[in-house]
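Student: Residues per chain, in single letters:
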Amino acid sequence: MTNRLKGLRALLPALAIGCCPAVQAEEQVHLYNWSDYFAEDTLPNFQARTGIRPVLDVYDANEVLEAKLFAGGSGYDVIFPTARPFAARHIKAGLYQPLDKSKLPGLERLDPEIMASLASIDPGNQYLVPYMWGTSGLGLNVEKVKAALGAEAKLDTWALIFDPEQAAKLKDCGIALLDDPTEVFSAALAYLGKDPNSLDKADLDAAAAVIKGVHANIRYFHSSQYISDLANGELCVAHGYSGDVLQAQERAEEADKGIEIAYRIPREGAALWTDVMAIPKDAPHPDAAHAFIAYLLDPQVIADISDYVFYANPNLAATPLIEAELREDPEIYPPPEVKARLFVPNERSDREIRTLNRLWTRIKSNR
Amino acid sequence: MSIGAGPQSQGSRRLSRLVNIGIPYVWLGVFFLLPFVIVLQISVAEPALAQPPYTALWEWIDDGLLQIQINLRNFMLIGEDDIYLAAFLNSLWVALVCTLLCLLLGYPMAYAIATAPERWRVLLLMLIVLPFWTSFLIRVYAWIGILNSGGLLNTFLLWLGVIDQPMQILHTQTAVYIGILYSYLPFMILPLYANLTRLDPTLLEAAEDLGCRPMRAFVEITLPLSKPGIIAGSMLVFIPVVGEFVIPDLLGGPDSLMVGKLLWTEFFSNQDWPLASALAILLLGLLVVPFVLMQRMQQTMDETQP
Chain L
1 MTNRLKGLRA
11 LLPALAIGCC
21 PAVQAEEQVH
31 LYNWSDYFAE
41 DTLPNFQART
51 GIRPVLDVYD
61 ANEVLEAKLF
71 AGGSGYDVIF
81 PTARPFAARH
91 IKAGLYQPLD
101 KSKLPGLERL
111 DPEIMASLAS
121 IDPGNQYLVP
131 YMWGTSGLGL
141 NVEKVKAALG
151 AEAKLDTWAL
161 IFDPEQAAKL
171 KDCGIALLDD
181 PTEVFSAALA
191 YLGKDPNSLD
201 KADLDAAAAV
211 IKGVHANIRY
221 FHSSQYISDL
231 ANGELCVAHG
241 YSGDVLQAQE
251 RAEEADKGIE
261 IAYRIPREGA
271 ALWTDVMAIP
281 KDAPHPDAAH
291 AFIAYLLDPQ
301 VIADISDYVF
311 YANPNLAATP
321 LIEAELREDP
331 EIYPPPEVKA
341 RLFVPNERSD
351 REIRTLNRLW
361 TRIKSNR
Chain X
1 MSIGAGPQSQ
11 GSRRLSRLVN
21 IGIPYVWLGV
31 FFLLPFVIVL
41 QISVAEPALA
51 QPPYTALWEW
61 IDDGLLQIQI
71 NLRNFMLIGE
81 DDIYLAAFLN
91 SLWVALVCTL
101 LCLLLGYPMA
111 YAIATAPERW
121 RVLLLMLIVL
131 PFWTSFLIRV
141 YAWIGILNSG
151 GLLNTFLLWL
161 GVIDQPMQIL
171 HTQTAVYIGI
181 LYSYLPFMIL
191 PLYANLTRLD
201 PTLLEAAEDL
211 GCRPMRAFVE
221 ITLPLSKPGI
231 IAGSMLVFIP
241 VVGEFVIPDL
251 LGGPDSLMVG
261 KLLWTEFFSN
271 QDWPLASALA
281 ILLLGLLVVP
291 FVLMQRMQQT
301 MDETQP
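From first to last, the protein sequence lines are chains L and X. Using full-length UniProt numbering, read the first sequence as starting at 1 and increasing by one per residue. Using full-length UniProt numbering, read the second sequence as starting at 1 and increasing by one per residue.
Worth flagging that the hints you see were computed from the coordinates, not collected in a lab. C-beta: ideal position from N, C-alpha, C; glycine also. Where hints are given, some of them may not hold.
To be verified - To give an idea of the chain L side of the interface with chain X (calculated C-beta under 7 Å), a few residues:
hint: 1; residue: 67
hint: 2; residue: 92
hint: 3; residue: 354
hint: 4; residue: 362
hint: 5; residue: 364
Unchecked claim - Reference listing, derived: stretches of chain X covered by chain L, where coverage requires no fewer than 3 residues with Cβ under 8 Å from a Cβ of chain L:
hint: 6; region: 38–52
hint: 7; region: 145–154
hint: 8; region: 249–256
Stated by the list, open to error - Label-pair distances were calculated between CB atoms; the ranges are:
hint: 9; chain 1: X; residue 1: 41; chain 2: L; residue 2: 324; range: 54 to 60 Å
hint: 10; chain 1: X; residue 1: 112; chain 2: L; residue 2: 47; range: 55 to 61 Å
hint: 11; chain 1: L; residue 1: 47; chain 2: X; residue 2: 135; range: 25 to 31 Å
hint: 12; chain 1: L; residue 1: 341; chain 2: X; residue 2: 157; range: 43 to 49 Å
hint: 13; chain 1: L; residue 1: 206; chain 2: X; residue 2: 72; range: 31 to 37 Å
Let the sequences and hints guide you as you build the complete structure.
Tutor: Structure follows, in structure tokens:
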């Protein structure tokens, strides 16, 4: 989750939607969301329904959002951070305002399991409303992987990346890892059969050794570049987010160059993450912010977004409204036996995060 | 500022002088000194889970007791962990290589433009300056399309038959050098051009009259006289490249470790503004010292050469 420059580029459409407060009297809501994380008609329909004009800025890294929040006076009304560790940390730092649940009808339709899980970082679900969820697994160019490893090769395993023998064979067609220490360490720990959330020194050292062992085979560490590179055949294995890989799949289909992209949840386990909505403490339009969250709680609205972004949403009433192809895809709405293999990243202290990040810099630069 | 003619009182002249001298100082104070002091202050704070994410430098405890807390641990950590030293050295190395490459490529170009017929010069200069009309970011992105394995360069080389498999250039250090060289070349050419056009052509004519061959005339006359241009161009390339972040991030591979990138990690990934500020202060120190030395040298040179 760190390519911030794409974020800059993505600001352009935001300018087109509206930057300049020419008509001050008009009611507005300022949104700060990931790039490509609404359906095309989500915002126009909101304006038609409520008369509130949405103004969208986008980012593609939690860190960029976080830096703005910590600096204060960001001017945003609704933001969409990943729950762990980001939103958890923001709650601790007191950056959010509690939600007025009387203005949010439809909260009861949200998956109680996800709400219970969020309650561990947000007691009483005071601050956060889940938006989308997904997994971090493997994006594959099926044909190229099979060409390199043989037709019998197992595709749903971290060994494609972390087994030096397989990685060496896949090196030339391209392997990419997320530029995110938490994600990569938990994947390496899962591959080793250890607790993916472990902070034990011996475990981390073992994981670091695994990553260093395949370092020479990794083309780059990046959190969004792989989408287009998978789609145009520059990569054959990418550690990536489920919906992003599926977007690559769709782009490859549109390009019609015979590139077949698949997403797999590795058998050793994969991270399950949730992106949430929250209202910053200093939001200039809190009422409009509530109206926007209420709009996204509408099952049809959120189902349309899922259809567009290929991520599962936590709204139980929306599930039957989603296209069958998506709803029945075991990689997006995993069946219970797959879900059992998913793990939720633990919360970490700032000191632990910094230690991990510095270790990460060292590993990436191979020192 | 005085516009009208006629005698002026001593007072208004003094005022106008004060304004004239004052503006640059106010500018420097507001846009250089003040930000520097703010960054310096953050660099001796401690990171905190708050808004803003660092501790205050001072705190009033009641009864007029002022508590000032200066935390030097950030600087100590940078000294202890050799990854920072490695990043500094690597950044300096990259900047040095790029400056030399820019000089090697830029000098002949600047020389060619400066010696071209008058009517061609404007056009040639335009060709150097024109790319600035497009965003820097977009130009760096364009290099991704040129360098990647299905990109223009590889397709062209394959077509020529020079290579039979695409070369992996993107995400390597070579791509970083190409990107930097491309982006910073104008900063080398423009000061060199400005310098070279001002050289007195009669000196070269005199040399020729006295039987000096062109190559020797260049080495003994043009090159020494263009030294200020070389220094100015090298500074304009070297200093920003040391802190360069965008190009290594977009075009570089996993092992392109540079200070700019580390600073980003500390600021964004770690939310450790104090450590990021400490890095920025050290980077500034690293760049100011050679700059001041260079200026000293220049000054003594000017004094000894009347």
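Student: Is the shortest C-beta separation between residue 362 of chain L and chain X less than 7 Å?
Tutor: Holds, because the Cβ-Cβ distance from residue 362 of chain L to chain X comes to roughly 6 Å (cut-off 7 Å).
Student: Do the Cβ positions of residue 206 of chain L and residue 72 of chain X conform to the proposed distance bound of 31 to 37 Å?
Tutor: holds (35 Å)
Student: Is 25 to 31 Å respected by the C-beta to C-beta distance linking residue 47 of chain L and residue 135 of chain X?
Tutor: holds (30 Å)
Student: Interface hint check: residue 92 of chain L, Cβ to nearest Cβ on chain X, cutoff 7 Å. Holds or violated?
Tutor: The hint holds - residue 92 of chain L has a Cβ within 7 Å of chain X, the shortest such distance being about 6 Å.
Student: Taking the least C-beta to C-beta distance, is residue 67 of chain L closer than 7 Å to chain X?
Tutor: holds (5 Å)
Student: How does the Cβ-Cβ distance of residue 112 of chain X and residue 47 of chain L compare with 55 to 61 Å: does it lie in that range?
Tutor: holds (57 Å)
Student: Does residue 354 of chain L pass the interface check with chain X, least Cβ-Cβ distance below 7 Å?
Tutor: holds (5 Å)
Student: If you look at each residue in the region 249–256 of chain X, do at least three have a Cβ nearer than 8 Å to any Cβ of chain L?
Tutor: This one holds; 6 residues, not fewer than the three required, reach chain L with a Cβ under 8 Å.
Student: Given residue 364 of chain L was flagged as interface, is its beta-carbon under 7 Å from a beta-carbon of chain X?
Tutor: With a minimum Cβ separation of about 5 Å from chain X (threshold 7 Å), the hint on residue 364 of chain L holds.
Student: 43 to 49 Å was suggested as the range; check whether the CB atoms of residue 341 of chain L and residue 157 of chain X agree with it.
Tutor: holds (45 Å)
Student: With 54 to 60 Å as the target window, see if residue 41 of chain X and residue 324 of chain L comply at their CB atoms.
Tutor: holds (59 Å)
Student: Is the listed coverage of the region 145–154 of chain X by chain L valid when you require three or more residues with a beta carbon under 8 Å from a beta carbon of that chain?
Tutor: The restraint on the region 145–154 of chain X holds, since 3 of its residues have a Cβ under 8 Å from chain L and three suffice.
In this structure, every one of the numbered hints holds.
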